[in-house]
Amino acid sequence: MKTQAIETTKIMQTKKYDISIFVPVYNEEESLDILNKKIIECVGNTNYSYEIIYVDDGSSDKSFEILQSFAKANSNIKVIKFRRNFGQTAAMSAGIDVAEGNVLIPMDSDLQNDPADIPRLMEKINEGFDVVSGWRKNRKDTFVNRKLPSMIANKIISWLSGVNLHDYGCTLKAYKCEVLKDIRLYGELHRFIPICASWVGAKVTEIPVNHHERQFGQSKYGINRTFKVILDLILMKFLTDYITKPIYFFGGTAFASMMISFLAFTWALGLKLFSGIQLDHTPLPVLGAMFFTVSVQLFMMGILADMIMRTYYESQDKRIYSIDQSMNV
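Everything in the sequence shown is counted per the numbering used here, starting at -17 for the first residue and increasing by one.
Source of the hints: derived by calculation from the structure; they are not laboratory data.
Just so you know, not all the hints are guaranteed correct.
[As the list claims (entries may be wrong)] In the DSS-like style, the derived pairs of lysine-lysine whose C-alpha atoms are separated by at most 25 Å in a straight line are: (1) Lys122 x Lys163; (2) Lys44 x Lys137; (3) Lys119 x Lys137; (4) Lys122 x Lys137; (5) Lys44 x Lys54.
[Said to hold, decoys possible] Pairwise CB distance ranges, derived in the manner of DEER restraints: (6) Ser297 x Gln260: 24 to 32 Å; (7) Val182 x Met289: 24 to 32 Å; (8) Met289 x Lys20: 46 to 54 Å; (9) Lys129 x Ala53: 34 to 42 Å; (10) Thr293 x Ser42: 38 to 46 Å; (11) Ala53 x Glu12: 16 to 24 Å.
The beta-carbon is built from N, C-alpha and C at its ideal position, and this holds for glycine as well.
When you get a sec, could you build the whole thing from the sequences and use the hints?
What follows is the structure, encoded as structure tokens:
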């Protein structure tokens, strides 16, 4: 029995398609034909109108030729080819930019994500959620190289962000198009879209999804990716909390450094007056001078960052807020 199409009372039919499925591809020539057939078979058994967007991220095998054949055979399939390998985040950003669907669904090209989960993601979207994140509950990857680093990273990300998801690394997710329209992706930030959405008030949920063992080739990611992801999260947290008021961050840190400097000088003076210890016999004066210099530098950096922020917004006529709904405006 076919799944009911998106109800117009729940998702405005302002786009050309109900669903945009976009797939970053990098040297996956063996997987593509199977994947394409599975997506078409799965979504074709629903009443959703759809498009499939393949983004070739500078593949050196025959991936692009295979994708070209898909596009020639099916007008609902779009293909983008990068000049070189820019990474998964760039590929996903390109897919978002050209998507014409009300709901955007990214997925991997290595057959580990299951297209059969797409209708289940859409059920949650139709319940009123803005973001539905996949959770690879029974993940079919090696424990030491993939699962353990992912578990550690997910715990740290949830702790820092305040958004509790089990699996940020699962590419298979569903987003209402309006959630992604103002998001710009850099580094490894594609996995943090649910966090960005939650911070601006979007309703985020998570459902278990299927995960299959890799059939062809090798994973493109190693354990070092965990550290890159954590660094990206710290950057995103800073940009989210302080992008419009960087002086608060730098000024607060400068004040803390100034207090350490004051305490070091006071301690050194106390040692001289009450214990007879000469200033050149203790590292405290040097420590105090160092923290005083750091505090001045941080304060000046805060002023410069604040000026840059103001120039950024005013020169591009950008707003420092995001509107969800309005009436008679």
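Look at the Cβ atoms of threonine 293 and serine 42 and judge whether their distance stays inside 38 to 46 Å.
41 Å, holds
If I claimed the Cβ atoms of serine 297 and glutamine 260 lie 24 to 32 Å apart, would that claim hold in this structure?
55 Å, violated
Does lysine 122 pair with lysine 163 here, judged by a C-alpha cut-off of 25 Å?
33 Å, violated
Please test the hint of 24 to 32 Å on the beta carbon pair from valine 182 and methionine 289.
At 26 Å between Cβs, range holds.
Lysine 129 versus alanine 53 beta-carbon gap, inside 34 to 42 Å or not:
36 Å, holds
Hinted pair, alpha-carbon criterion (25 Å max): lysine 122, lysine 137. Please report holds or violated.
Holds, at roughly 19 Å.
Starting from lysine 119, check that the Cα of lysine 137 is at most 25 Å away, please.
15 Å, holds
Methionine 289 paired with lysine 20, Cβ distance criterion 46 to 54 Å
Cβ of methionine 289 to Cβ of lysine 20: about 52 Å, so the range 46 to 54 Å holds.
Satisfaction of the hinted span 16 to 24 Å by the C-beta atoms belonging to alanine 53 and glutamate 12
At roughly 19 Å between Cβ atoms, glutamate 12 and alanine 53 fall inside 16 to 24 Å, so the hint holds.
Check whether the Cα positions of lysine 44 and lysine 54 lie no farther apart than 25 Å.
16 Å, holds
Lysine 44 and lysine 137 were given as a pair; does the straight-line alpha-carbon distance stay at or below 25 Å?
38 Å, violated
Violated hints, listed in ascending order, are 1, 2 and 6; each of the other numbered hints is respected by the structure.
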